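Peer 1: Take a look at the letters that make up each chain.
Number of protein chains: 2
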Amino acid sequence: MSVSQLASLTAIARQTRNAARQLGVLSTQAKNEAIEAISIALEAAAPDILAANGADCERSRGEGIAKPLYNRLKLDETKLKGAIAGVRDVGKLADPVGSVQIDRELDRGLNLKRVACPLGVLGIIFEARPDAVIQISSLAIKSGNGVILKGGKEAIESCKAIVKAIHQGLANTEISPDVVQLLTTREEILELLKLDEYVDLIIPRGSNSFVQFVQENTRIPVLGHADGICHVYVDAAADLAKATDIVVDAKIQYPAACNATETLLVHRAVAADFLPRVTAALQGENVQLCGDEMTREVVEIAPATEEDWATEYNDLMLSIKVVDSLNEAIEHISTYGSRHTEAIVTEDAQTAETFLNQVDAAGVFQNCSTRFSDGFRYGFGAEVGISTQKMPPRGPVGLEGLVTYKYKVVGEGHIAATYAGKDAKPFTHRDL
Amino acid sequence: MSVSQLASLTAIARQTRNAARQLGVLSTQAKNEAIEAISIALEAAAPDILAANGADCERSRGEGIAKPLYNRLKLDETKLKGAIAGVRDVGKLADPVGSVQIDRELDRGLNLKRVACPLGVLGIIFEARPDAVIQISSLAIKSGNGVILKGGKEAIESCKAIVKAIHQGLANTEISPDVVQLLTTREEILELLKLDEYVDLIIPRGSNSFVQFVQENTRIPVLGHADGICHVYVDAAADLAKATDIVVDAKIQYPAACNATETLLVHRAVAADFLPRVTAALQGENVQLCGDEMTREVVEIAPATEEDWATEYNDLMLSIKVVDSLNEAIEHISTYGSRHTEAIVTEDAQTAETFLNQVDAAGVFQNCSTRFSDGFRYGFGAEVGISTQKMPPRGPVGLEGLVTYKYKVVGEGHIAATYAGKDAKPFTHRDL
Chain A
1 MSVSQLASLT AIARQTRNAA RQLGVLSTQA KNEAIEAISI ALEAAAPDIL AANGADCERS
61 RGEGIAKPLY NRLKLDETKL KGAIAGVRDV GKLADPVGSV QIDRELDRGL NLKRVACPLG
121 VLGIIFEARP DAVIQISSLA IKSGNGVILK GGKEAIESCK AIVKAIHQGL ANTEISPDVV
181 QLLTTREEIL ELLKLDEYVD LIIPRGSNSF VQFVQENTRI PVLGHADGIC HVYVDAAADL
241 AKATDIVVDA KIQYPAACNA TETLLVHRAV AADFLPRVTA ALQGENVQLC GDEMTREVVE
301 IAPATEEDWA TEYNDLMLSI KVVDSLNEAI EHISTYGSRH TEAIVTEDAQ TAETFLNQVD
361 AAGVFQNCST RFSDGFRYGF GAEVGISTQK MPPRGPVGLE GLVTYKYKVV GEGHIAATYA
421 GKDAKPFTHR DL
Chain B
1 MSVSQLASLT AIARQTRNAA RQLGVLSTQA KNEAIEAISI ALEAAAPDIL AANGADCERS
61 RGEGIAKPLY NRLKLDETKL KGAIAGVRDV GKLADPVGSV QIDRELDRGL NLKRVACPLG
121 VLGIIFEARP DAVIQISSLA IKSGNGVILK GGKEAIESCK AIVKAIHQGL ANTEISPDVV
181 QLLTTREEIL ELLKLDEYVD LIIPRGSNSF VQFVQENTRI PVLGHADGIC HVYVDAAADL
241 AKATDIVVDA KIQYPAACNA TETLLVHRAV AADFLPRVTA ALQGENVQLC GDEMTREVVE
301 IAPATEEDWA TEYNDLMLSI KVVDSLNEAI EHISTYGSRH TEAIVTEDAQ TAETFLNQVD
361 AAGVFQNCST RFSDGFRYGF GAEVGISTQK MPPRGPVGLE GLVTYKYKVV GEGHIAATYA
421 GKDAKPFTHR DL
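Those protein sequence lines, which keep their order, are chains A and B.
When the letters of the first sequence are read in order and numbered with the UniProt record's numbering, they come out as residues 1 to 432.
When the letters of the second sequence are read in order and numbered with the UniProt record's numbering, they come out as residues 1 to 432.
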């Protein structure tokens, strides 16, 4: 990237930040009106968007695009209508900005409030899916943030048409169109990652390796997870019918999802009973299995290697290990799990409590499928991503993950010296 | 560092993590009993700790230690008693672990809880102050976390004596002494920063450049701020008597603190009135002043350079700039502020609201000194640090910053397939 390109990207970022500062203080009503205006503009521009997408699809086919990527790139009327309905749904979500988390008198006439406020500017980097532009822009506006979007080159014409419509929609609202910006060249990814002065959160949407690349190349906080290695542990006190249903669902319901299960842990006490039935059920669903030595003494499947325990298959494959105890199960999860979602199947309340408390993961489940680990299923409305970091926001992240807070202190000329030294006045610290 | 040293550090970290996993699920009572046991052990070991500190002080004097560092290193009976009283205070703070933040029925028999839980293992790197070991260890235990401490080499004997006493105190409690570990060689800092598999949060306590060094050399989240460039903006509608008191307090009450003010912004409409009286008051307190051209048309002070606006003096120095408008003040703060704490002095409610809403900083204050930006003053009890990052925890961080949360989902054999496809069962999503 040339010096002038970087300068222009910095200028764009500064422009976005200034527009976002105005957006950040608007009322919920003003934001919802803008979201409705965007829906209407997108509906009006639907023929243009579909035509642009047609051009993207044709060009990408000519360049030999992979089939799954093509499916994500391709927009049709139904998909576009669904995305626009999604914008209206965001309008209905609770406004995450402005909630008062702490309201405290520090001393007479000196009051502290902790208030939720927007982060500022989001940087979103995504692969082919042009409908992501629609979803993310509406989430950004609802949470009072500006957004700089960088889409994959496959989707460039679609993204341009969508952002053009969003800008048209915003033109007659209180919100400056500058709050939504689209970058269109590949070199801009690395430059975007360097703009820590202007961009407050990066949300990468793509493969694990892509998310990891982003994490390693920026000082900006990144919302995303690098791996989803989830386990189901079937305890000695498990209901084996439930366990079978849960393991099958956790593996096959959508194997490419990060919350699908990759390894089954089985307590030795139920291995002889459980392994034949669960493997039969899984093989009936075309799941390829591998197991440790003890598993293979019970059922005839391929041997598992050390590498299997550390692999997110993202596919109809499952590794199985027999463990001697709850503690061995927890140890295995602690060593190989990615702290995403971990489930136990047991009817023993004490065992379940130990597992849920001691396993370190964003989601710890008893007697249900790991597939429930999801913002929609948790009732968050829209999901901006799932985070496997330890610090909040952790797990499925809704609009709440796009805001932070600030401390507002209002006095009447109060100075710190009054509360220091030997005649220090005490604070009242009274919650209001 | 040799391979064997790294292996041993990894072993220590793993040991700490395992001990922390047990600690993390203990009751508040068990943790408070351990904190009391630590207080008693520290009292019993006071002569040993003071003797060890005497040796550290003597050796450091021989090595020509700088005076401020020596003052932080030196423990006497009063300082040690104060630190032990601080441990007992931590015992009295509310337990941040276990609070239920979300309690929701997803469907009949399928329930979601979001529960606060410990982070796991904290890595604390601090300079000379040995009493930091006492404070941080008690905070770590109260929040259910293990802690790996790396102190400055000046304080090595003091730290060893303190940690020995803490281990003795823990020996007869439910908590393994392994939860508190002390590293003693300088090379271990960089190795500690690499242990992202075992350490969940790094808290550096030291100079700005040290904090920045830590931030640039780890993938572990860092709680800390690199700079505190705070402003007071005196508006056209300011009460100039209040403004003078606030500016003087914000500058001189403790100039080395990060929440001290470095730049005064004055609205042109009150510059002629205000600048002579505020500069007289500041000069009466030996504050060195510099200002922009418009300031220097009113008062005779040194010229300010571009560098002044970007400098945290940490000293009795203040830069002054006259601005044409509220917006210019906000722009200046946006460009040069470090997002720490920013204050406006005004009697105009609308102007104050705009400032508090639009200024992007952890603390936004009206009519009070920037020096109030502090965990104790906010009523958080103990403060683990002040964060100038945008994502929470932001601003002064109490025990709350040492915990995260996990989602616990308990079902009765529920599988995701029930809620998918054309006969999908709807979720109830009912808050309990």
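Hints are supplied without guarantee of correctness; some may be wrong.
Since copy identity is lost for identical chains, a pair holds within one copy or between any two.
As the list claims (entries may be wrong) - Below, in silico cross-link-like pairs of lysine-lysine (DSS-like), each with a Cα-Cα straight-line distance of 25 Å or less:
#	residue 1	residue 2
1	81	422
2	164	113
3	160	81
4	113	422
5	81	113
6	194	113
7	194	153
8	425	81
9	425	153
10	194	425
11	81	242
To be clear, the hints were calculated from the coordinates, so they are not data collected in a lab.
As the structure is a computational prediction, the values presented were derived from the model and not from experiment.
Peer 1: All the hints need checking, so say for each whether the structure fits it.
Peer 2: To see whether the hints hold, each was checked on the structure:
| no. | hint | in the structure |
| --- | --- | --- |
| 1 | 81 with 422 | between (69 Å within a copy, 18 Å between copies) |
| 2 | 164 with 113 | neither (39 Å within a copy, 42 Å between copies) |
| 3 | 160 with 81 | within (18 Å within a copy, 66 Å between copies) |
| 4 | 113 with 422 | neither (28 Å within a copy, 47 Å between copies) |
| 5 | 81 with 113 | neither (42 Å within a copy, 34 Å between copies) |
| 6 | 194 with 113 | neither (33 Å within a copy, 37 Å between copies) |
| 7 | 194 with 153 | within (20 Å within a copy, 35 Å between copies) |
| 8 | 425 with 81 | between (62 Å within a copy, 23 Å between copies) |
| 9 | 425 with 153 | neither (63 Å within a copy, 38 Å between copies) |
| 10 | 194 with 425 | neither (46 Å within a copy, 45 Å between copies) |
| 11 | 81 with 242 | neither (38 Å within a copy, 58 Å between copies) |
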